[in-house]
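J.: Here is what each chain is made of, one letter per residue.
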Amino acid sequence: MQHWDVLIVGAGHAGAQVASLLRQQNFKGSVAMFGDEPEHPYERPPLSKDYLSGEKTFDRLALRPLSFWAEQGIEVVPGRRVVAVDAKAHRVRTASGEEFGYGSLIWATGGAPRKLSCPGHDLQGVHSVRTRADVDRMMAGLDRTKRVVVVGGGYIGLEAASVLTKLGKSVTVLEAQDRVLARVAGEALSRFYEAEHRARGVDVRLSVAVERLEGEDGRVTGVRLVDGSLLPADMVIVGIGIVPAVEPLVAAGLPPANGVEVDEYCRTALPDVFAVGDCAAHRNPYAASAAPIRLESVQNANDQAKVVAKFLTGQPEAYDAVPWFWSDQFDLRLQTVGLSTGYDETVVRGDPATRSFSIVYLKDGAVIALDCVNIVRDYVQGKALVKARMKVEPPLLADGATPLKSLAAA
Amino acid sequence: MGTILVENRAGVETTLKAEFSRNLMEVMREGGVGEILALCGGTCSCSTCHVIIDPAFVDRLDPMGSDEHDLLDNSEHRSPTSRLACQIVFKETMDGLRVKIAPED
Chain A
1045 MQHWDVLIVG
1055 AGHAGAQVAS
1065 LLRQQNFKGS
1075 VAMFGDEPEH
1085 PYERPPLSKD
1095 YLSGEKTFDR
1105 LALRPLSFWA
1115 EQGIEVVPGR
1125 RVVAVDAKAH
1135 RVRTASGEEF
1145 GYGSLIWATG
1155 GAPRKLSCPG
1165 HDLQGVHSVR
1175 TRADVDRMMA
1185 GLDRTKRVVV
1195 VGGGYIGLEA
1205 ASVLTKLGKS
1215 VTVLEAQDRV
1225 LARVAGEALS
1235 RFYEAEHRAR
1245 GVDVRLSVAV
1255 ERLEGEDGRV
1265 TGVRLVDGSL
1275 LPADMVIVGI
1285 GIVPAVEPLV
1295 AAGLPPANGV
1305 EVDEYCRTAL
1315 PDVFAVGDCA
1325 AHRNPYAASA
1335 APIRLESVQN
1345 ANDQAKVVAK
1355 FLTGQPEAYD
1365 AVPWFWSDQF
1375 DLRLQTVGLS
1385 TGYDETVVRG
1395 DPATRSFSIV
1405 YLKDGAVIAL
1415 DCVNIVRDYV
1425 QGKALVKARM
1435 KVEPPLLADG
1445 ATPLKSLAAA
Chain B
7 MGTILVENRA
17 GVETTLKAEF
27 SRNLMEVMRE
37 GGVGEILALC
47 GGTCSCSTCH
57 VIIDPAFVDR
67 LDPMGSDEHD
77 LLDNSEHRSP
87 TSRLACQIVF
97 KETMDGLRVK
107 IAPED
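Protein chains in written order, with my numbering: chain A, 1045 to 1454; chain B, 7 to 111.
Misleading hints may appear alongside valid ones.
Said to hold, decoys possible - With the Cβ distance kept under 8 Å, some of the chain B side facing chain A (calculated, not the full set): (1) E13; (2) G40; (3) L43; (4) T49; (5) S51; (6) L77; (7) E82; (8) S85; (9) D111.
Unchecked claim - Only pairs whose alpha carbons sit at most 25 Å apart, straight line, appear in this in silico SDA-like list of lysine to any residue: (10) K1132(A) to K1431(A); (11) K1427(A) to H83(B); (12) K1449(A) to P109(B); (13) K1431(A) to D76(B); (14) K106(B) to V18(B); (15) K1407(A) to K1427(A).
To be verified - Okay, the calculated beta carbon distance ranges per label pair: (16) H1165(A) to D65(B): 37 to 45 Å; (17) D65(B) to A1253(A): 55 to 63 Å; (18) R15(B) to D1307(A): 47 to 55 Å; (19) E19(B) to M1183(A): 51 to 59 Å; (20) K1132(A) to S27(B): 54 to 62 Å.
Since the hints were made in silico from the structure, they are not lab data. Just so you know, these numbers come straight off a predicted model, no measurement behind them. Glycine included, every Cβ here is placed at the ideal spot set by N, Cα and C.
When you get a sec, could you build the whole thing from the sequences and use the hints?
T.: Structure below.
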């Protein structure tokens, strides 16, 4: 049976970064990385942005050149899915029934896009946005597509809506909550993005629920809402989150949860099994609550990868990275620092009407996060406030003419 | 085609061949420069492709925009010739360009 000192399951941002950082930290043991997609590691964020719009070809998304992996002595095996883990025996089994041994196992599988459960969810023309294959299928159908319905007003849905609008499609966004971005941002930001999308012709519908997808000859033709109305559609895009891909670890003995729980070194409760990235439920030092959270971001994937690479090379450093995130829609660059969930006060800094402003989130008077739209300076300088959990009087934060840097120094 | 000399954090220099008009960050990433993270994929949204340009070449680069300028303040290792590689288009006039990967923040 083949055996590696470190076996990484999942070849996304987190997995790829564990592998390359191990070598950067002079790890001499054998390393393999299995991915369930056919490609070598690539960037996911452009899938809903520059790749979908056709501005970037796939070769420009490769996280590393193909030769890199071999040169670094990292065995990358695309198209191999792990379905079972025997933590005691330090062994995994793949979908094809092969078994492999490991010294340490790094679980970096991310998740599968959550699907609609209503009738018609599996019609042709219904798409998720998670993998290159998903987006290639979508792009192949664009020529015959005039009307698109996007289910889910989160970042993925709104980014896709933005690109497809630019491509000349007629786009409707359906959101179950009473505002877009409800799960990730404060109301002021939600209303701003809602207005921006509407101003460009996106039909944003809030507090609506999908009854079923209608189709003809196996292909989607429309979305029927619970109130009975029908939205004709040649394409439906579903962006309603992911389901963490952790079943094999649960079957191996971990309690079922939203993802797999890890400690500050990304260790699971199974011996020599670590988890990183979208699927890792961790206590984040920047979260307002002590409950484990999952962060679906490149930042988290990268920084957790670093924690594991350091741990495995004998330089343990607990996870303590300031979360950050970005989203590009139309000509709006949103940059987020910190975690806003759990805020008890928000301050709008600058004037949203200028399309360059920030929203500062506070809890118990301390800055916990900022959402910055077209204002990089606030994003960069606000990081120091988040890091220091700085207590600042709201009127000072609201004054866009006072640099955040000067408040951090106060 | 021109050449770019990249010095990594360990001081090891690599020579990369690159087409003109290509993006410097992508050239380095495709060239296997492992320390270049470019987490935002070159959209000028982070500062993880921070490089320090050899002063001899600074004047041959297009001036930086305000977003790039502000993002570089994210780094504790900003130097007078710091740039974000994703914002640099490699041109004939820069042939032989020498850059250093900035220390990790």
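J.: Would you mind marking each hint as holding or not holding in the structure?
T.: Verification of the hints:
no.	hint	in the structure
1	E13	15 Å, violated
2	G40	5 Å, holds
3	L43	7 Å, holds
4	T49	6 Å, holds
5	S51	4 Å, holds
6	L77	6 Å, holds
7	E82	11 Å, violated
8	S85	17 Å, violated
9	D111	11 Å, violated
10	K1132(A) to K1431(A)	40 Å, violated
11	K1427(A) to H83(B)	16 Å, holds
12	K1449(A) to P109(B)	23 Å, holds
13	K1431(A) to D76(B)	18 Å, holds
14	K106(B) to V18(B)	10 Å, holds
15	K1407(A) to K1427(A)	16 Å, holds
16	H1165(A) to D65(B): 37 to 45 Å	58 Å, violated
17	D65(B) to A1253(A): 55 to 63 Å	60 Å, holds
18	R15(B) to D1307(A): 47 to 55 Å	29 Å, violated
19	E19(B) to M1183(A): 51 to 59 Å	41 Å, violated
20	K1132(A) to S27(B): 54 to 62 Å	56 Å, holds
In the structure shown, a violation is registered for the earlier hints numbered 1, 7, 8, 9, 10, 16, 18 and 19, in ascending order.
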